[in-house]
Amino acid sequence: MKRCNDGFAKFAALWTAGFGVFFAMTVAAQQTAPNPHADVLSIGGAVTEIVVALDQQHRLRARDTTSTYPEAVTNLPDVGYMRALSPEGVLSVGPELILSGEGAGPPEALEVIRAADVRFVEVPDAFDADGILRKIEVVADALDVPERGAQLAAEVGAELEAAMQRAERADGEKKRVLFVISTQGGKINASGTGTAADALIRMAGGVNAVSDYHGYKQITDEAVGLAAPDVILMMDRGGDHGVADDELFDMPAIRMTPAAQSRAVVRMDGLLMLGFGPRTAEAVTRLNEALYGEGA
Amino acid sequence: MLEARDIRVRYGPFEALRGVDLTARAGEVTAIVGPNGSGKSTLLGAITASLPHDGTVRLNGREVEGQKPWALAAQRAVLPQSSRLAFPFKVLEVVRLGLQSGTAGDRPEVPMQALARVGLAQYADRYFQDLSGGEAQRVMLARVLAQVWAPVEDGQPRWLLLDEPVASLDIAHQLQVMEIAREFARAGGGVVAVMHDLNLTALFADCVAVLSEGRLLAFGAPAEVMTDETLSLAYGCALRVSAPPPEGVPFILPHAALA
Amino acid sequence: MALIADSAAPPRDRLGRARALHGVLAGVLALCALASLQVGATDVTLTAMLGKLIGGEALSQMERVVLFDIRLPRLAMGVLVGAALAVSGAAMQGLFRNPLADPGIVGVGAGAGLGAILAIVLGALLPVWIINLVGNQLTPFAAFLGGWGSTILLYRVSTRHGRTSVATMLLAGIALGALAGALSGILVYIADDRQLRDLTFWGLGSLTGASWAKVFAAGPLIVLSIGAALVLGRGLNGLALGEATAAHIGIDVQRMKNVAILSVAGATGAAVAVSGGIGFVGIVVPHLLRLASGPDHRTLLLNSALLGASLLILADVIARVVIAPAELPIGIVTAVLGAPVFLWILLKRRGLVDL
Numbered sequence: 001m002k003r004c005n006d007g008f009a010k011f012a013a014l015w016t017a018g019f020g021v022f023f024a025m026t027v028a029a030q031q032t033a034p035n036p037h038a039d040v041l042s043i044g045g046a047v048t049e050i051v052v053a054l055d056q057q058h059r060l061r062a063r064d065t066t067s068t069y070p071e072a073v074t075n076l077p078d079v080g081y082m083r084a085l086s087p088e089g090v091l092s093v094g095p096e097l098i099l100s101g102e103g104a105g106p107p108e109a110l111e112v113i114r115a116a117d118v119r120f121v122e123v124p125d126a127f128d129a130d131g132i133l134r135k136i137e138v139v140a141d142a143l144d145v146p147e148r149g150a151q152l153a154a155e156v157g158a159e160l161e162a163a164m165q166r167a168e169r170a171d172g173e174k175k176r177v178l179f180v181i182s183t184q185g186g187k188i189n190a191s192g193t194g195t196a197a198d199a200l201i202r203m204a205g206g207v208n209a210v211s212d213y214h215g216y217k218q219i220t221d222e223a224v225g226l227a228a229p230d231v232i233l234m235m236d237r238g239g240d241h242g243v244a245d246d247e248l249f250d251m252p253a254i255r256m257t258p259a260a261q262s263r264a265v266v267r268m269d270g271l272l273m274l275g276f277g278p279r280t281a282e283a284v285t286r287l288n289e290a291l292y293g294e295g296a
Numbered sequence: 001m002l003e004a005r006d007i008r009v010r011y012g013p014f015e016a017l018r019g020v021d022l023t024a025r026a027g028e029v030t031a032i033v034g035p036n037g038s039g040k041s042t043l044l045g046a047i048t049a050s051l052p053h054d055g056t057v058r059l060n061g062r063e064v065e066g067q068k069p070w071a072l073a074a075q076r077a078v079l080p081q082s083s084r085l086a087f088p089f090k091v092l093e094v095v096r097l098g099l100q101s102g103t104a105g106d107r108p109e110v111p112m113q114a115l116a117r118v119g120l121a122q123y124a125d126r127y128f129q130d131l132s133g134g135e136a137q138r139v140m141l142a143r144v145l146a147q148v149w150a151p152v153e154d155g156q157p158r159w160l161l162l163d164e165p166v167a168s169l170d171i172a173h174q175l176q177v178m179e180i181a182r183e184f185a186r187a188g189g190g191v192v193a194v195m196h197d198l199n200l201t202a203l204f205a206d207c208v209a210v211l212s213e214g215r216l217l218a219f220g221a222p223a224e225v226m227t228d229e230t231l232s233l234a235y236g237c238a239l240r241v242s243a244p245p246p247e248g249v250p251f252i253l254p255h256a257a258l259a
Numbered sequence: 001m002a003l004i005a006d007s008a009a010p011p012r013d014r015l016g017r018a019r020a021l022h023g024v025l026a027g028v029l030a031l032c033a034l035a036s037l038q039v040g041a042t043d044v045t046l047t048a049m050l051g052k053l054i055g056g057e058a059l060s061q062m063e064r065v066v067l068f069d070i071r072l073p074r075l076a077m078g079v080l081v082g083a084a085l086a087v088s089g090a091a092m093q094g095l096f097r098n099p100l101a102d103p104g105i106v107g108v109g110a111g112a113g114l115g116a117i118l119a120i121v122l123g124a125l126l127p128v129w130i131i132n133l134v135g136n137q138l139t140p141f142a143a144f145l146g147g148w149g150s151t152i153l154l155y156r157v158s159t160r161h162g163r164t165s166v167a168t169m170l171l172a173g174i175a176l177g178a179l180a181g182a183l184s185g186i187l188v189y190i191a192d193d194r195q196l197r198d199l200t201f202w203g204l205g206s207l208t209g210a211s212w213a214k215v216f217a218a219g220p221l222i223v224l225s226i227g228a229a230l231v232l233g234r235g236l237n238g239l240a241l242g243e244a245t246a247a248h249i250g251i252d253v254q255r256m257k258n259v260a261i262l263s264v265a266g267a268t269g270a271a272v273a274v275s276g277g278i279g280f281v282g283i284v285v286p287h288l289l290r291l292a293s294g295p296d297h298r299t300l301l302l303n304s305a306l307l308g309a310s311l312l313i314l315a316d317v318i319a320r321v322v323i324a325p326a327e328l329p330i331g332i333v334t335a336v337l338g339a340p341v342f343l344w345i346l347l348k349r350r351g352l353v354d355l
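Sequence order for the protein chains is A, B and C. Note that the UniProt record's numbering has the first sequence beginning at 1, numbered continuously upward. Note that the UniProt record's numbering has the second sequence beginning at 1, numbered continuously upward. Note that the UniProt record's numbering has the third sequence beginning at 1, numbered continuously upward.
Quick caveat, the hints were computed from the structure, so don't treat them as lab data. Only a predicted model underlies this, so the values are computations on that prediction, with no experimental measurement involved. Be careful, since some hints might not be right.
What the hints assert, rightly or not - Here are the in silico distance ranges between beta carbons for each label pair: (1) A:Gln-151 x C:Gly-123: 57 to 63 Å; (2) A:Ala-72 x C:Val-188: 35 to 41 Å; (3) C:Asn-132 x A:Gly-194: 23 to 29 Å; (4) A:Asp-141 x C:Gly-123: 30 to 36 Å; (5) C:Gly-123 x A:Thr-220: 24 to 30 Å; (6) A:Ala-158 x C:Ile-186: 44 to 50 Å; (7) C:Ile-131 x A:Arg-119: 24 to 30 Å; (8) A:Gly-238 x C:Val-188: 26 to 32 Å.
The C-beta atom is built at its ideal place from N, Cα and C for all residues, glycine as well.
Just chain A, same shape as in the assembly (with noise of 0.2 Å):
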């Protein structure tokens, strides 16, 4: 009896230390000082990304995880994902402005957030050109530089208007493309109409190889061949291309398209890609130029 209480009071000992360490490493991880004259915390990459482009990113006092771009903002205090926001953390970081993209939750945090007298703009979310200049528009009012985002919105408008005609061609040339979100465990989970995915490959010019559902979902082997994507496109998550290739095309779903025929797979950034935000000109440029070739 006495043994063993001694055993456990070493244990737990050993246990509460270690978690210290842990515990410790993370909150080190985490210190990073608010920036005193900032007063907005901004939930969602798209809308962090407007902040920054309508030269406000001197108020931003923290972000939401999936706000990763500009790089700069990566250093500002991390309050959650989005969709399981803790009001109290919200709150610690001291806002007077919340800009949050649709789907912020719970809604018990937000209906607490509002009560302590914290102004929350939620800004819409929409996958095509207008929806894009509508955000910045929502933004800059909500931070009162409504010039400034005109101006933005006239240039982002343009570039978007320009990209969108230099994709532009003849449907019977149009290459079909597979949005493959994830490939775990050998299941390919691809996307429908409805995502931004789906938007994006029409916006730079390409046909969405799979129409038959809204959404992502993982696809079986012969819908995949029955796809026939000329072109995989995924998310950039780092690490070696070639031997990620290799095992991509390798998979018996991937192997009998064409696009492991020509070993056509595109990588891009997944928020340049589907934040759409003001960078949504560029990325329909690269997605088009990478399908086509530059200059097409």
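Starting from the known structure of chain A, fit chains B and C onto it as the hints suggest.
What follows is chains B and C alone, placed relative to chain A:
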């Protein structure tokens, strides 16, 4: 008085008891004997109301059916054939479980006395599951004793219902346990025990019920019931009562220890 | 040597120790509660606020929101959920006579999970008046209905002629779990990306969504259920000897099963509904207490409530400060804290765990 009338029990299509009557008197040890599968334990199960059955059982003049479990627990304690125990209870704590359900709940010294009675007082602080089979059986007996500590209370006898109480015990402890049962009966309580050992039955029982194939074959004092004829019929082999075995074969009977 | 000394000594009374533990654990709970009001992502502290109140100063809007709208409801919910999970665990272990049983066995987890998934994935398809009626609380509401409903279903399946077969319940629970898992799988298939993330977070559990509304919705049911479970002590002790013997020592076994199953379904269903899936509290807490003061359910149940509540509040404090201003799902913290302790118990005290 414990009276069971026309007890019938079915397990599916199989009729385990086909109308058995049994009367046990307070102040006596009543043994139920019979071959395997004759319905001994089933009869005890019916008497303790733990098996669905037809027929009536009356305990101290009141029908058992319909009485609340706690009311029955105050009148009779039941020792099961085998006892597995979930969770690491200590020996004394197990005995206390019995005390709390009886009427001696206000006498905290009873569990230790009950343990002493079965010769295990020094084991009080041990974990129950560290005990040997025989020790565990005796602890359970102590628990049962603690439940009906006074053999007679308010002028009513209390009952010990024992299912093979000596099954896993060595010969000395078999005698000890049967002594405890007999003493309980002598003090005015009632004892009904399912027995395997015919010698111990002959030594300690005041009354013997012989079951065979779900029926009562014979009932009465050991000398009347335990005859060559009845036992041979019940057990299906030629048995001879009170005949020493042939020369040269050693035999050990508990009788010598009591002489 | 120690063993010999033990057996010669007069038997120590674990019941006394367990009763003394009531007081100790109540103190621990009070300390944990104070800590949870004191610490958080913001630098608002209870002590500073008390200072202000004593000095006659008014609290700022921020301080009022953090204390009354965030930390207090969260504390209340932590206490309720922790106590509910731990007591339910202890009661289920007693009922199934197995130290590894947890409320999942009676289908609460599978049912609640299915309910939550249904609400998250298909919630938008409901008629508008229902959505308006339950508002934000659709997921917790559906989780509760699912958990409670599946338990009652299991209970009905395993009860014949007024007798509940614990073995049937166990097997039927496995079947029901598989079915709920399959249905959940179908829903996961049609779920979109965002719904999938919601599901993941729901499964990890959190007190983030704590609100007074939830506390008042789940509180009465949890308190009632825990209250009912607390009186099961003597019955569960008897049940340790087996169902037949429990009846012989005066316990109304069937009534006890009714109370145990209904109270576990109520307490766990409500707890899971408001906090998602929080693991390990229900198993680790009763185990630690059995090691400390023995398996007597008359004290074990109340001690479990106290320790479960303390543990969950503590885990929540850790969850919200470790990566502040973001926070970890509390299920991760309880598992990170609980799993090694559990393994340690299994390794060290195998004799007491194997039964």
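Going through the hints against the structure:
1. A:Gln-151 x C:Gly-123: 57 to 63 Å: For C:Gly-123 against A:Gln-151, whose Cβ atoms are near 41 Å apart, the range 57 to 63 Å is violated.
2. A:Ala-72 x C:Val-188: 35 to 41 Å: With a Cβ separation near 37 Å, A:Ala-72 and C:Val-188 satisfy 35 to 41 Å, so the hint holds.
3. C:Asn-132 x A:Gly-194: 23 to 29 Å: At 26 Å between Cβs, range holds.
4. A:Asp-141 x C:Gly-123: 30 to 36 Å: With Cβ atoms ~32 Å apart, the hint holds.
5. C:Gly-123 x A:Thr-220: 24 to 30 Å: holds, 28 Å
6. A:Ala-158 x C:Ile-186: 44 to 50 Å: holds, 47 Å
7. C:Ile-131 x A:Arg-119: 24 to 30 Å: Given about 27 Å between the Cβ atoms, the range holds.
8. A:Gly-238 x C:Val-188: 26 to 32 Å: holds, 28 Å
Comparing the model with each earlier hint shows a violation of hint 1 alone; every other hint is respected.
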